[in-house]
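Chemist: The residues making up each chain are set out below.
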Amino acid sequence: MNKALIIAEHFQGKLNASTAKCVSCVQAIGDVEIDIAVLAADAGPVAAEAATLGGVRRVLMLERAENSEALAAVMAPQIAALGRGYTHLFGPSTTFGKDLMPRIAALLGVGQISDVMAVESAYRFRRPVYASNAIVTVEAPGGRIVVATVRTASFQPAAGGGQAAIERAQVEATLPTHTRFVSRSGANTDRPDLQSATRVVSGGRALASAENFQLLYRLADALGAAVGASRAAVDAGYAANELQVGQTGKIIAPELYVALGISGAIQHLTGIKDARTIVAVNKDSEAPIFEVADIGLVGDLFQIVPELERLIRARS
Amino acid sequence: MSPILVGIKRVIDFSVRVRVKPDGSGVVTDGVKMSINPFDEIALEEALRIKERNLANEVIAISIGPAEAQQQLRTALAMGADRALLVQVDSPVEPLTAAQVLWKLVQKHQPQLVILGKQAIDDDNGQTGQMLAALWDRPQATYASKLELEAGRARVTREVDAGLETIEIDLPGVVTTDLRLNEPRYIKLPDIMKAKKKPLDVTTLAELGVAAPAQGIRSLKFEPPAPRARGVMVKDAAELIAALQQRGVL
Chain A
1 MNKALIIAEH
11 FQGKLNASTA
21 KCVSCVQAIG
31 DVEIDIAVLA
41 ADAGPVAAEA
51 ATLGGVRRVL
61 MLERAENSEA
71 LAAVMAPQIA
81 ALGRGYTHLF
91 GPSTTFGKDL
101 MPRIAALLGV
111 GQISDVMAVE
121 SAYRFRRPVY
131 ASNAIVTVEA
141 PGGRIVVATV
151 RTASFQPAAG
161 GGQAAIERAQ
171 VEATLPTHTR
181 FVSRSGANTD
191 RPDLQSATRV
201 VSGGRALASA
211 ENFQLLYRLA
221 DALGAAVGAS
231 RAAVDAGYAA
241 NELQVGQTGK
251 IIAPELYVAL
261 GISGAIQHLT
271 GIKDARTIVA
281 VNKDSEAPIF
291 EVADIGLVGD
301 LFQIVPELER
311 LIRARS
Chain B
1 MSPILVGIKR
11 VIDFSVRVRV
21 KPDGSGVVTD
31 GVKMSINPFD
41 EIALEEALRI
51 KERNLANEVI
61 AISIGPAEAQ
71 QQLRTALAMG
81 ADRALLVQVD
91 SPVEPLTAAQ
101 VLWKLVQKHQ
111 PQLVILGKQA
121 IDDDNGQTGQ
131 MLAALWDRPQ
141 ATYASKLELE
151 AGRARVTREV
161 DAGLETIEID
171 LPGVVTTDLR
181 LNEPRYIKLP
191 DIMKAKKKPL
201 DVTTLAELGV
211 AAPAQGIRSL
221 KFEPPAPRAR
231 GVMVKDAAEL
241 IAALQQRGVL
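One line per chain: the protein sequences are A and B, in this order. Counted from 1, the first sequence has number 308 at position 308 by my numbering; the numbering is strictly sequential. Counted from 1, the second sequence has number 216 at position 216 by my numbering; the numbering is strictly sequential.
These are computed hints drawn from the structure, not numbers from a lab. Only a predicted model underlies this, so the values are computations on that prediction, with no experimental measurement involved. The C-beta atom is built at its ideal place from N, Cα and C for all residues, glycine as well. Hints should not be assumed to be uniformly reliable.
Claimed, not checked - Pair by pair, the computed Cβ-Cβ distance ranges are: (1) B/GLY248 with A/ARG84: 44 to 50 Å; (2) A/GLY13 with B/LYS188: 49 to 55 Å; (3) B/THR204 with A/GLY143: 27 to 33 Å; (4) B/ALA211 with A/GLY13: 44 to 50 Å; (5) B/LYS33 with A/ASP235: 21 to 27 Å; (6) B/SER91 with A/ASN2: 17 to 23 Å.
Using the sequences and the hints, build the whole thing.
Modeler: Here it is in structure tokens:
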């Protein structure tokens, strides 16, 4: 029997969708008991939400004032102490999990498998390397705890309807004071979240200014879509950093991805390969984005995008 | 003042379209352009800027890799690193082993900061900095887009999924770089000449007293990704909408 512990990602009292995807990944191991750890100052609301995920046995609350912000250096010693009885320790491959999980692995003296995209057995997994230009099958040593991050774009969220037990957990761990949270800033918009949106409209350098990005926002609103951007657009200051899609930004898997004025550098394509339908609009017919697009349109996006918006609004 | 250690990994250049070897044992590297991992270049640039503000006395570039990684270390010296160390290994090491190597070097050099790339663009693991911070029992500030030093502390702005987060860490500590931390400088010809005279030492895992794990994570097989089916081209916005409807997306 495998015993897995998943580290819940949450923010402002809400469970992040990445946690349910980790549950799906861990379920694929087979023959597994799944617990979820919630570290927070007040873990109750998040624990209650996590307890509804199907297939989860227990939700363990680690409540301490120091857990009010998700600082890897503070969380890692607690999870390393809690995790010793488990065969698998998994977290999401989001900036939260990518920051945290390797610190836990090192405290436990084991390596980590990053970005699990498929499970072959309890110790054998597939993961992307070289910006997803290659997929490697890796094997962790048997008899040692497996620490991994889950590529959330590769898994559907676990179904709800579960009724896991919620328990308080206590661990002996000395917590450092050398790392302190100062502030956070980000787009608190009504728009869908880029990471979990079913539709994404994304812009590249061809938008040519932050003002022109408004065109794209209007189309996104018409579609009920989240907004993304290429690295070039973010570097140029047309869009915020958290909108970057690609190898070093967010890896997403929406039902619909609309790439506007994005040439399609390999690093960008890495971030969208799992999208069900990719639409590309670009004035350069040779742009690599057309090699992966399901629907391509060569033309001037400053004419096409308003036209698309009009046609979509006319339908509803 | 104390030194800054910077990690320099030799990787396939970002512009190369990587291909998997037919036998699945890895990817094609013969005749392929190799470079410094782009995030490591940013790490080095940041260290150099700190030294230029007289907040560090030395920048030491460290690579763990094959003998050929001396090329990338020479480039690092030309950019401005004061000296370089190659920990020569014949086959790639796991991030945990790399962290153990850096931990040994931290004990030896007592740096105020270790600046590493947030990930290498070959294995895309993104683990070494966090692992080093754990072994060292010191702070980590990953995905840094801004780094400000003040008396024994650093204030670091991090690029996270929700936007930007600022944390304060006591030094010494580990910082890993994101793309927008800085723009690395170009190397001028005289710098390349000067770099030839700078010290570049070579050592081994054994000399450092680090053993590669007897039971590590093994790579069994490399495969190319599954290709996407060929798409259709449409001629205007109306056709595009029709094609989306046909696919059941709208």
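Chemist: Hints first: check each against the structure and report whether it holds.
Modeler: Status of the hints after comparison with the structure:
| no. | hint | verdict |
| --- | --- | --- |
| 1 | B/GLY248 with A/ARG84: 44 to 50 Å | 48 Å, holds |
| 2 | A/GLY13 with B/LYS188: 49 to 55 Å | 54 Å, holds |
| 3 | B/THR204 with A/GLY143: 27 to 33 Å | 29 Å, holds |
| 4 | B/ALA211 with A/GLY13: 44 to 50 Å | 45 Å, holds |
| 5 | B/LYS33 with A/ASP235: 21 to 27 Å | 22 Å, holds |
| 6 | B/SER91 with A/ASN2: 17 to 23 Å | 30 Å, violated |
In terms of the numbered hints stated before, the structure departs from hint 6 and from no other.
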